[in-house]
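Novice: Sequence:
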Amino acid sequence: MDRDVEDPRQRVKQLLQVASDGIHILDRRGFLIEGSDYFFALLGYSRAEAIGMHVSDWDAQWTREEVMNVIDLNFQLGEGAHRTFESLHRCKDGRIVPVEITTRSYHPVEGAPLLYCSSRDISERRQFEATLRFKQFGIDRAAEQMLWIDRQGRILDVNEAACRQLGYAYSELVQMSVGDLDQFFTPDQWGRLWEKLKVHGTMSLESSQRHRDGSIFPTEVLANYFEYEGVEYNCMLVRDISRRKAYEQRIQRLTDLYRALSEINQAIVRMETKDKLFPLVCRVAVEFAGFEMAWIGVPSERQDAIMPEVFYGTGTDYLAGLSFPLTPSDTGQLGPAAMSFREARSVFVNDFMNDPLTAPWKARALRYGWRSSATFPIIQGDKVVAVMGVYAATNDAFHEEAVTVLDEMVRDIAFALDTFDRELARKKAEQSLYEREQHFRAYFERSMVGMATSGAGRRWLEVNPALCEMLGYSAAELTAMSWEDITHTEDLLLNQQLFERVVAGKLDEYEFDNRFFNKKGGIVHAHVAVRAVRKPDGELDYLVVLVDNTTLLREQQRELERRVYYDTLTNLPNRALLTDRLEHALAQLKRSNGLVAVCFIDLDGFKQVNDAYGHGLGDHLLVAVGKRIHDVCRTTDTVARFGGDEFVVIIEGNSDQTECLSLLQRIQETISQPFQIEGHWLHISASIGVTLCPDDVSDGEVLLRHADQAMYLAKQAGRDRTYFFDSQSEHLMRHRIHTLERLERALAQGELQLYYQPKVDMHQGRVIGLEALIRWHDPMRGLVLPGEFIPLIEGSHFEVVLSEWVVRQALCQLSEWHGMGLDLSLSVNIPAPHLRSPGFVDFIRDETADYPQLPLRALELEILETAALGDLDAVIQKMVDCMGFGVSFSIDDFGTGYASLSYLRRLPASIIKIDQVFIRDMLHDPEDLSIVQGVIGLAQAFHKSVLAEGVETVEHGRKLLEMGCPLAQGFGIARPMPSAEIPDWIRNFKGFPEEPSQQ
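Numbering (the working numbering), first residue to last: 415 to 1413.
FYI, nobody ran anything at the bench for these hints, they're computed from the structure. Accuracy of the hints is not assured; some may be wrong.
[What the hints assert, rightly or not] Here are the simulated EDC-like pairs of lysine to aspartate or glutamate, each with C-alpha atoms no more than 16 Å apart in a straight line:
(1) LYS612 <-> GLU543
(2) LYS933 <-> GLU891
(3) LYS1373 <-> ASP1339
(4) LYS1004 <-> GLU1066
(5) LYS1041 <-> GLU1060
(6) LYS842 <-> GLU859
(7) LYS1373 <-> ASP1175
(8) LYS1021 <-> GLU1213
(9) LYS797 <-> GLU757
[Claimed, not checked] Label pairs and their calculated CB-CB ranges:
(10) GLU844 <-> GLU925: 33 to 43 Å
(11) GLY795 <-> GLU723: 16 to 26 Å
(12) PHE640 <-> ASN809: 48 to 58 Å
(13) GLN717 <-> ASP689: 34 to 44 Å
(14) ARG461 <-> ALA1355: 15 to 25 Å
(15) ARG968 <-> VAL1116: 35 to 45 Å
Ideal placement from N, C-alpha and C gives every residue a C-beta, glycine not left out.
The whole structure should be built from the sequences, with the hints applied where relevant.
Specialist: What follows is the structure, encoded as structure tokens:
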């Protein structure tokens, strides 16, 4: 039996429905013929919307001409040949999606050739590639070495820090093994380390590395074991700890010096005579303080020289047969010992071999390699009784800390030599010292200011309770860490630089503002004062640190500054800070090329949101808008809240107007995106006025005023747009202000009048109602039509005032006609701000209550189809409330806005009025005719009446009747006329359309 032949077109459709890629088929001209469900979902269009679109409608990378060139190229390649390339798709919601496209042409035997295309979203792939590049960037910028090593110890990869610190090129390092850099890692040792790593996952140890120049430096190694795709690796992080080791040695040196001082102080307590004290002092200075040799000398019997009496250390034969004359030599110069004795002061020689003061003893000192010396007078009472000399093997050994300790040592010796008469004074001094120490300890423990000591290794040595409370750590926790561990990363560099200057002996005390992390991770602002305590050789011993918590003060200062310079709602700069920034930008402009743009932004539709949902939600919307504007702008730009729903942006550094306009377009786009606030989806837009300097004046206040004027012109031009200030715009703004003032006077002086245009049922040949239209009888200009002044009052307070006046006049006229027996409906145009105002329903209720004799639906309120956008539910409720007072509604100028079918269906309006722009040209414009037919069909579908505006000829009327629209108004029926003419016109009306001879 023959099997049924499957329809290939049906098969293609089935395949497109299940395809996982964006398959689509184009004809020779680039129009979409068919596509897969995935493709339509990718673009966000329904199939009905997408079919027939041109590929350039969704391609965001090429122009239409470029797209056609690509299509032509595919067809030239011949059937079966395919191309793959990347492009960008523009989705229905405006998103740009990167895609990979594969194309292949198909040339059927019959019919036109086709182009089969497949689009695949590659957003994730591009993001993944960007992430990889970012990670590699971070690895190469790391301060520590990073080495990737295999099980055999071969170096597989390194970062830039490894090349920089080791002195090798990357190509050299990846040819080496870990043992080439670190002697500790022999093959056996590396194998044992590897096995431990497999168990523990990570290990840290201290080792050393060899630089390319042969130098060895200590390191701290963190080894990390991991497996990747079945292969074992070790990622080693290596840190150079040369500086830390040097700091530890310096700490040890200062510790030794203080141990020496401690030993001497203890000896003084035990000793009774100088014969026992002097040898001990010399021994302690060598064994504990680290000096090579020390001696103490006394004056000779003749008081003409200093004779070394006791000495200790290596090379004491230096002193054999040596004396130090107390009288000047032939050169007229005294030696250090004589100078110290005679002048009762300490004498330091930090370069023994080159100092003229020690020239006579240079040969002897050279023999022992000593490079610096110090001589101290030992004073008993007010008399120098001896001198003490110490020698060091390095230059500059006697820095401030060493001198401090040695001075104290000599003073202790002198103190020990005091006579019995001074023993009591010594005890009193000890008691006083003890009391001072206790007082300091009590102050240390009870102080409200954080106090601590920090070692040269950057660790806390001792902390007081105030510091512990400030940071949230216990004393044990703080002393187990360094200040670097809790210092904010942004402040760490300054801390380290200051600390290094202290270590280098270039700085002894400093103050700065710092940020610490407390135990909970919060930031503590503090003012820190640091003073260095050094060893006798100048090496840093420890730091005394005072930490004053300034967090509350900074918060108070920030709050004060925020209140003075920042808007309390949005946290954006306020007018004060805006003025300062604008003046600064203008000053900068004088010293550089470019433009400064002042942009005044006013939110379209914000008042309606505020009226409908309340000020609380409105405030949340303002915050969200401010954040969106701020996120779009650059860091060099200033975004400020000017007041109400107005924002100002100062854009600096633009080369031309186009660059500025690009940023403003992004601002408008981001504001026009829906906001979801408290469960409501809100839609607003922005009108932006811009002025440029130096094209405009260079006065900040004037620039703001000009930008404000341009913004008002943007609103008058239809809102949701950008308008650049020029002299003409300023003239228009002054004209608008003048017109508003003139209209307010005109209303008060009775110059405004309502005209009425009949609305008829062409099928029945009767008048069904009238529409009230405002006219201005200007004593100077004559009759002024609304098109000249209504646009100028839009968005002003007068717009609502005038709307209320029109409603009152219309009701009064209706009542008069009703008394004449004319039962007509009268429609009044209600502007959107009036409809959305909080008191609108109360106003309509109160006004209609004054005319109880009027029949139901006598007053008809016409609203624009855009009036309810943004808060449809609130507008519907107001309409329903007003209908309870006998008022009806119609939708005016339908077709010119952007209302949805859901919008049309839900609004409780009984009549839809087709805008005259479609009626006027429908007899010769097929598109307008289609729109009119479509609106009539929609109205019928939703059981609403439809009325055509702008019917100017009999032909218009006949065509509308053919299309099922009998209700109409327009110049072809009757022009607007004063109220006095209406009764006669109605009596004489014979129907429309009529033959010309009957009119």
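Novice: Hint by hint, note whether the structure agrees.
Specialist: Do the hints match the structure? See the list:
no.: 1; hint: LYS612 <-> GLU543; in the structure: violated, 31 Å
no.: 2; hint: LYS933 <-> GLU891; in the structure: holds, 10 Å
no.: 3; hint: LYS1373 <-> ASP1339; in the structure: holds, 13 Å
no.: 4; hint: LYS1004 <-> GLU1066; in the structure: holds, 12 Å
no.: 5; hint: LYS1041 <-> GLU1060; in the structure: holds, 14 Å
no.: 6; hint: LYS842 <-> GLU859; in the structure: violated, 25 Å
no.: 7; hint: LYS1373 <-> ASP1175; in the structure: holds, 14 Å
no.: 8; hint: LYS1021 <-> GLU1213; in the structure: holds, 14 Å
no.: 9; hint: LYS797 <-> GLU757; in the structure: holds, 11 Å
no.: 10; hint: GLU844 <-> GLU925: 33 to 43 Å; in the structure: holds, 34 Å
no.: 11; hint: GLY795 <-> GLU723: 16 to 26 Å; in the structure: holds, 20 Å
no.: 12; hint: PHE640 <-> ASN809: 48 to 58 Å; in the structure: holds, 51 Å
no.: 13; hint: GLN717 <-> ASP689: 34 to 44 Å; in the structure: violated, 21 Å
no.: 14; hint: ARG461 <-> ALA1355: 15 to 25 Å; in the structure: holds, 23 Å
no.: 15; hint: ARG968 <-> VAL1116: 35 to 45 Å; in the structure: holds, 37 Å
In this structure, the hints that do not hold are numbers 1, 6 and 13, in rising order.
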